[in-house]
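Undergrad: In case you want the letters, here they are:
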Amino acid sequence: MISQQIVNGFMLGGVYVMIAVAFTLAIGVLNFLNFSIPGIFMIAGMVSWAALRGGQHWPIAFGIALAASAAVGVAVYLLTYRPSSDSDPEVPLVSSLGFLVLLENLIILWLGSDQQSFPALIVDFNWRFGSIIIGGAQLLSLVLSLAFVIALSLSLRFTNLGRQVRAIAENRRTATILGVNVGSVVSRLFVLSALFTGIGGILFAISYLQVSSSMGESIGFKGISAMIIGGMGNIWGAVAGGLLIGLVEILSTQFLGADFVNISVYGLLLALLIAKPEGLFGPVAAREKL
Amino acid sequence: MSGYQTGIIVLLALNTIAAYGVYLPMSAGQLNLGIAGFMAIGAYAAAYLTNACGWPPSAAIGAGGATAAILAFAVAMPMLRTQGIYLSLATFALGQVISAIFLNLDIVGGAAGYPVATHIEASVVVSAATLVVSLVWLMSTTRLTVYFAAVKNDPLVADLLGLNVKALGVAALTVGAGIAGVGGALYAHYFNYIEAQYFGVMLSTYTVLYVLLGGTQSVWGPLVGAAIFTLVPEALRSSSQWRYAIFALFIIVFMALRPQGLLTRGLSRQRTQARAQSGSTNS
Amino acid sequence: MTMLLSIQSLSKTFGGLEVVRDLSFDVPDGTATALIGPNGAGKTTVFNLISGVYPVTSGSIRMCGVDIVDLPSRHRIGRGIARSFQNIRLIPRLSVIDNLLIGQHVKLKRPLDVLRPFRFARDHEWIRAAKAELSAFGLSQYADEPVGLLPYGVRKRVDLIRAILSSPSLLMLDEPAAGLNASETRELHRHLDILRERGTTLLIIEHDMHFIRSICEQIVVLNFGCKIAEGPFDQVRTDQQVREAYLGTERAT
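Protein chains in written order, with this note's numbering: chain Y, 153 to 442; chain A, 4 to 286; chain G, 511 to 763.
What the hints contain is simulated information worked out from the structure, not anything from laboratory work. Glycine residues also receive a C-beta, built at the ideal position from the N, C-alpha and C atoms. Warning: the hint list may mix true and false statements.
[As the list claims (entries may be wrong)] With a straight-line Cα cutoff of 27 angstroms, these simulated BS3-like cross-link-like pairs (lysine-lysine) come out: (1) G:LYS617 - G:LYS641; (2) G:LYS641 - G:LYS619; (3) A:LYS169 - G:LYS619; (4) A:LYS169 - G:LYS737; (5) A:LYS169 - Y:LYS428.
[Stated by the list, open to error] Now the in silico label distances, taken between C-beta atoms and shown as ranges: (6) A:GLU237 - Y:ALA423: 26 to 36 angstroms; (7) A:LEU138 - Y:ARG325: 36 to 46 angstroms; (8) Y:GLY331 - A:LEU138: 48 to 58 angstroms; (9) A:LYS169 - G:ASP577: 16 to 26 angstroms; (10) G:PRO621 - Y:LEU306: 41 to 51 angstroms; (11) G:GLU727 - A:LEU260: 30 to 40 angstroms; (12) G:CYS736 - A:LEU141: 53 to 63 angstroms; (13) Y:LEU292 - A:LEU138: 54 to 64 angstroms; (14) Y:LEU313 - G:ASP580: 50 to 60 angstroms; (15) A:LYS169 - G:GLN745: 24 to 34 angstroms; (16) G:ASP577 - Y:ASP411: 37 to 47 angstroms; (17) G:LYS619 - Y:GLY331: 13 to 23 angstroms; (18) A:SER130 - G:PRO621: 42 to 52 angstroms.
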């Protein structure tokens with residue numbers, strides 16, 4: 153019984169992994185707590201739902217959703233990050249919160265605020281390992297999330313863009329002196345991170361078969377918690393944090409009741425922030441800006 | 004005055020009170036993303052005191068503010084071990100926890116919400132808001148404002164100049180929470196119904212957004228921000244989603260063009276010039 | 511002669527790196543002492559240890575005979591230790607007067623006095639003291655200007671005035687003449703002379719040797735965190751070790 157719950161916890165945690173990694177990328181490289189990420193997560197889910205409802209094939213629907221995510225990422229870069237390069241530290245954070253509010257309300261105006269059921273794209277099947285049952289869609293989503301994180305991690309290490317991104321994370325001024333075009337790298341990073349978040353939103357829709365205008369808030373804010381638990385700026389810490397949050401959520405639903413989930417998750421976050429603000433796995437990059 | 008106009012003015016008064024609850028800690032460098040949690044504490048504590056203990060509303064509202072302040076004081080010491088972004092996230096988490104606790108607290112209705120029997124008039128809410136604005140303005144004429152600015156801008160130097168940085172931070176967070184608690188208590192007794200979901204992260208977010216819209220350099224900034232947030236959408240008479248969308252767009256554009264907010268200390272004109280100077284001499 | 515400041519066997523280690531090693535020197539009351547040495551010798555670290563920015567690794571710092579190494583940094587200004595900063599640390603958005611008010615916090619008698627409305631008390635003693643000092647430095651016209659808008663030389667002096675306004679017995683100046691032109695340096699010299707007449711003891715980090723020679727009776731030379739020489743300027747100047755470590759490279763005579 154308890155092993156089933158642990159498996160369920162990891163499956164749920166898979167949902168938070170992508171969004172936590174997107175947050176940690178923005179913090180680690182840009183030192184920017186980008187509150188528009190939950191909005192992008194929601195946009196991807198809702199736009200793909202709307203496109204599927206409109207009769208599009210799923211590859212096209214997901215393509216549209218990812219294009220919308222990337223467009224929002226570019227808008228956040230142009231309107232939030234770039235103008236704030238030398239203003240008060242809270243300005244970009246607040247402006248990205250503005251994006252979250254804007255995206256949510258635009259989606260409500262367009263598609264309404266009701267929870268929508270997402271069409272099942274893969275055949276519903278379960279795997280049994282002894283007494284443990286694993287949902288196929290959830291497992292697929294977790295595996296894909298981890299695959300994307302591995303791809304990201306490898307590309308940060310081995311591609312040219314990845315090396316430039318790490319140089320900026322290390323020290324922006326030195327990176328500039330070494331000839332890294334910071335503006336161009338950062339704008340591409342915003343697109344990349346938006347695509348990553350968007351894929352997270354789509355994977356959530358596929359595996360949990362429901363989307364709503366508020367899905368970004370409920371999932372995204374737990375993604376922030378996962379990012380902090382893993383240590384801001386630490387990609388694999390964010391993955392572990394996401395899985396841990398999923399586990400805490402399932403276990404507190406099981407033993408305390410569904411209404412206690414927020415108390416457990418955010419209580420854990422609060423305790424961790426006070427006792428060990430650098431996270432369980434420590435930060436990777438130094439901070440220069442909020 | 005029509006009921007509609009009264010409603011708007013009460014809304015303005017409540018938003019103004021919440022704005023100053025955010026403004027005070029912000030003037031000492033704390034971005035509080037959990038102000039709705041402190042409002043919830045004030046609202047539920049005061050409502051419980053009038054409903055279950057038969058307190059008169061004025062005493063209950065004061066006690067609501069005091070409860071929020073006491074809780075803030077209790078959590079301030081551990082929370083202020085964190086700074087900057089970590090502190091903001093800690094206040095955010097605290098707000099979420101508080102709201103979730105009230106959602107599960109059956110003694111005050113739990114998820115079903117909590118009806119409040121005693122009603123207060125609009126004039127009480129407006130008077131309380133006027134009082135809060137006057138008190139914050141009075142405070143802005145004391146040395147405390149300069150001390151907060153020092154703690155916000157350069158805590159290390161503030162400490163070396165003999166300021167108790169920790170105590171000032173605790174004071175800012177506590178007084179801000181007390182103001183927010185009073186705001187929540189007033190809300191509860193004017194609308195006669197509260198539910199935990201209302202005091203969620205979006206309420207905190209909107210409050211922070213309009214305070215920064217007004218600007219934190221001047222004591223009148225939060226008032227102007229609250230007025231714009233309340234009145235401009237009313238003037239547009241659009242649906243609430245359009246209001247929020249337009250407001251959010253306004254915030255984004257505004258932060259890009261004028262990040263210091265609407266009201267400043269008259270410095271903004273020459274801001275770029277000053278930056279050029281400090282940039283060339285510090286390097 | 512009584513010692514205002516007495517440093518004994520002071521050491522500071524950052525992550526295994528010994529930045530200050532077994533440093534001892536005294537600052538006699540009413541004198542001016544210079545702390546010199548090549549870049550990275552640990553001079554500013556010594557200031558930071560005296561004012562309490564970092565805890566010491568070992569050793570003692572005595573102010574008027576009392577060891578202050580365990581005294582929290584914010585209480586040290588109350589013991590008469592004030593300092594200026596190498597990279598001016600004023601609050602850009604506040605006016606000059608407001609910045610100078612913060613410098614006088616140590617004069618606050620009762621904590622609750624901070625709650626008294628201040629803006630109406632135009633002739634409050636703190637404001638009068640700030641204005642008097644500004645006018646002594648010829649900066650009266652900048653009193654209500656936001657600091658961020660002022661030229662470097664003016665800000666440098668405001669930073670110094672803020673330190674002076676706490677009426678310190680020991681004033682530590684971190685490169686006070688850096689970035690000043692010749693006439694500004696002469697001005698500064700004149701002000702420091704006035705301070706010395708008032709009995710303020712000075713401890714100065716500076717690279718301008720003419721400036722040091724004309725102000726300080728005593729020089730302490732640091733290199734790699736150690737004291738390599740101590741004494742009057744002319745004596746230190748001829749010291750072989752100093753010449754090698756410092757004067758030889760800077761040709762400061």
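Undergrad: Work down the list of hints and note, for each, if the structure agrees.
TA: Here is how each hint holds up against the structure:
| no. | hint | in the structure |
| --- | --- | --- |
| 1 | G:LYS617 - G:LYS641 | 16 angstroms, holds |
| 2 | G:LYS641 - G:LYS619 | 21 angstroms, holds |
| 3 | A:LYS169 - G:LYS619 | 19 angstroms, holds |
| 4 | A:LYS169 - G:LYS737 | 36 angstroms, violated |
| 5 | A:LYS169 - Y:LYS428 | 19 angstroms, holds |
| 6 | A:GLU237 - Y:ALA423: 26 to 36 angstroms | 42 angstroms, violated |
| 7 | A:LEU138 - Y:ARG325: 36 to 46 angstroms | 45 angstroms, holds |
| 8 | Y:GLY331 - A:LEU138: 48 to 58 angstroms | 55 angstroms, holds |
| 9 | A:LYS169 - G:ASP577: 16 to 26 angstroms | 24 angstroms, holds |
| 10 | G:PRO621 - Y:LEU306: 41 to 51 angstroms | 58 angstroms, violated |
| 11 | G:GLU727 - A:LEU260: 30 to 40 angstroms | 57 angstroms, violated |
| 12 | G:CYS736 - A:LEU141: 53 to 63 angstroms | 55 angstroms, holds |
| 13 | Y:LEU292 - A:LEU138: 54 to 64 angstroms | 58 angstroms, holds |
| 14 | Y:LEU313 - G:ASP580: 50 to 60 angstroms | 51 angstroms, holds |
| 15 | A:LYS169 - G:GLN745: 24 to 34 angstroms | 46 angstroms, violated |
| 16 | G:ASP577 - Y:ASP411: 37 to 47 angstroms | 57 angstroms, violated |
| 17 | G:LYS619 - Y:GLY331: 13 to 23 angstroms | 59 angstroms, violated |
| 18 | A:SER130 - G:PRO621: 42 to 52 angstroms | 31 angstroms, violated |
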